[in-house]
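*Asks:* Protein chains in written order, with my numbering: chain A, 1 to 247; chain B, 1 to 237.
Calculated directly from the structure, the hints in this document are not laboratory data. Positions of the beta carbon are idealized from the N, C-alpha and C atoms, including for glycine. There's no promise every hint is true.
[Stated by the list, open to error] With the Cβ distance kept under 8 Å, some of the chain B side facing chain A (calculated, not the full set):
| hint | residue |
| --- | --- |
| 1 | GLU124 |
| 2 | ASP127 |
| 3 | TYR130 |
| 4 | ARG135 |
| 5 | SER136 |
| 6 | LEU137 |
| 7 | GLY138 |
| 8 | SER140 |
| 9 | ASP151 |
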Amino acid sequence: MRDWDGAEMLTQPRMAVENLRIGRNGSTLLDVPYLALGGPGPTLILGPNGAGKSLLLRCMHGLIPPDGGTVWQDGALLGEDQRARQAMVFQTPVLLRRSVAANLDFVFRRQGIRWRSRKARIAALLDEGGLSGKQRQAARSLSGGEAQRLAILRALACNPEILFLDEPTSALDPAATQAVEALILRASARGTRIVMVTHDVGQARRLGHDIVLMQAGKVAEHAQAADFFAAPRTAAGRAYLSGALVI
Amino acid sequence: MQGFSEEFRTAFGLIVTGDPGLWDIVLLSLKVSLLAVLIAACIGMPIGAALAVSRFPGRRFVIILLNALMGLPPVVVGLLVYLMLSRSGPLGVLQLLYTPAAMIIAQVLLVIPIIAALTRQTVESLDAEYTEQLRSLGVSRLASIPVLLWDGRLALLTALLAGFGRAIAEVGAVIVVGGNINHVTRVMTTTIALETSKGNLALALALGAILVGIAFLVTALVSMIGISREREVLYHA
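Excised from the complex, chain A in its bound form (with noise of 0.2 Å):
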């Protein structure tokens, strides 16, 4: 099957799934035949509540191992190699229970790069998400925009080509909403190829480059967004914008 064929799809795309299958108790969770993310990103994937994006972000990611079906990355199929070319954020930040800076601290570490050297990136990456001054807070005691932005900032310290976010911002305010935006449209500039789950329609037409529309385990549309915005193809894109309650 073909995913839709914008010029941008002739060349080899960053992440690519086939014949993903997952199921649980005779239920499928997930079928994606093909999708393919070529393109500068970033991509948001929009959906109901239990669509299956979060489960198609965590087999892109390798955390989930799919029942059937093959995921690639940059050709080739998705392996350690390719794992540590990637980051995640995940909804819920899950912090360390340490300071600010060893968060950051703990990634720079495991790649082996020097105290000196670890000092001057996570001063740069604090400075980056706004937290500086911050660095010696626990934290777990960070508001909920900063621990968030904190996520992102040691997703990026990994120094990703692609980093996947599950819906960042669900539980932040529109002033911390919009910081972590920022954030993801920076990283997206430099290049890191961002694929992102949200619930927000203002957010995907915001920050979203194409669009990947999920309904029932099942990728119902996948359109630039200039194009899903202005006139979805299917019938469950148009509910979806329409406000109508897909499920």
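Given chain A, work out where chain B should sit, using these hints.
*Replies:* Positioned in the frame of chain A, the structure of chain B alone reads:
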């Protein structure tokens, strides 16, 4: 009851004058129990953490067994260690019976289940929260053990204190393997038992007061840590 007031006065005098006989006993108690907890931690924490992150058939049974071992009667542990260390036992050649080393071994065996079981609980609940994130960061299951131990450090400190509380207050095991030899293996609890039966209540009371003080301090520390952890949870909510 008139005679007891005199005993209390003598006991108080023993404590405040720093009676060397008394403080030797207190110091030996602390040395034996602290060393026992230290060794038990080095063994029990990795066991507990490994049990928390691993999945194998019979794992539930091992956890139940470990929890049950927390209630091991000290005097039975003393008996087992006695059998191992006695002249005709498998470790008899080491000639450790009736030495502080034998007492440490017995207390280590008593404390390991406590530290391992509490570590298992702590690490397992932390792992439930961390597992996806650590996997995402490329941390293997084995490599996640030290991360989980470090991030559970407050709860694990509570486990250590609980282990110490059991070791310092325990009498059955140390009296069987230590023999309660004056100036060699006489600790607070065994001295209290002996001196009470001899009618020398002053020394027993003085040691009892110190033991209660230590137990109180340990319990207070445990609850202080508990309160600061609750506050941390509230912060995050």
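*Asks:* All hints, please: hold or fail.
*Replies:* Each hint tested on the structure:
Taking 8 Å as the C-beta contact cut-off toward chain A, the hint placing GLU124/B at the interface is violated, the least distance being around 16 Å. Residue-level restraint check for ASP127/B is violated (minimum Cβ-Cβ distance to chain A is 11 Å; threshold 8 Å). Interface restraint check: TYR130/B against chain A, minimum CB-CB distance 6 Å, threshold 8 Å, status holds. Interface hint at ARG135/B: satisfied, since its Cβ lies 6 Å from the closest Cβ of chain A, which is below the 8 Å cut-off.
At a threshold of 8 Å, the smallest CB-CB gap from SER136/B to chain A is about 5 Å, leaving the interface hint in force. The criterion of a C-beta within 8 Å of any C-beta in chain A is met by LEU137/B, whose closest approach is roughly 6 Å, and the hint holds. Among the interface hints, the one on GLY138/B holds; its C-beta lies about 6 Å from the nearest C-beta in chain A, closer than the 8 Å criterion. For SER140/B, the shortest C-beta to C-beta distance to chain A is roughly 10 Å, which exceeds 8 Å, and the interface hint is violated.
For the restraint placing ASP151/B at the interface with chain A, the shortest Cβ-Cβ distance is roughly 4 Å, inside the 8 Å limit, so the hint holds.
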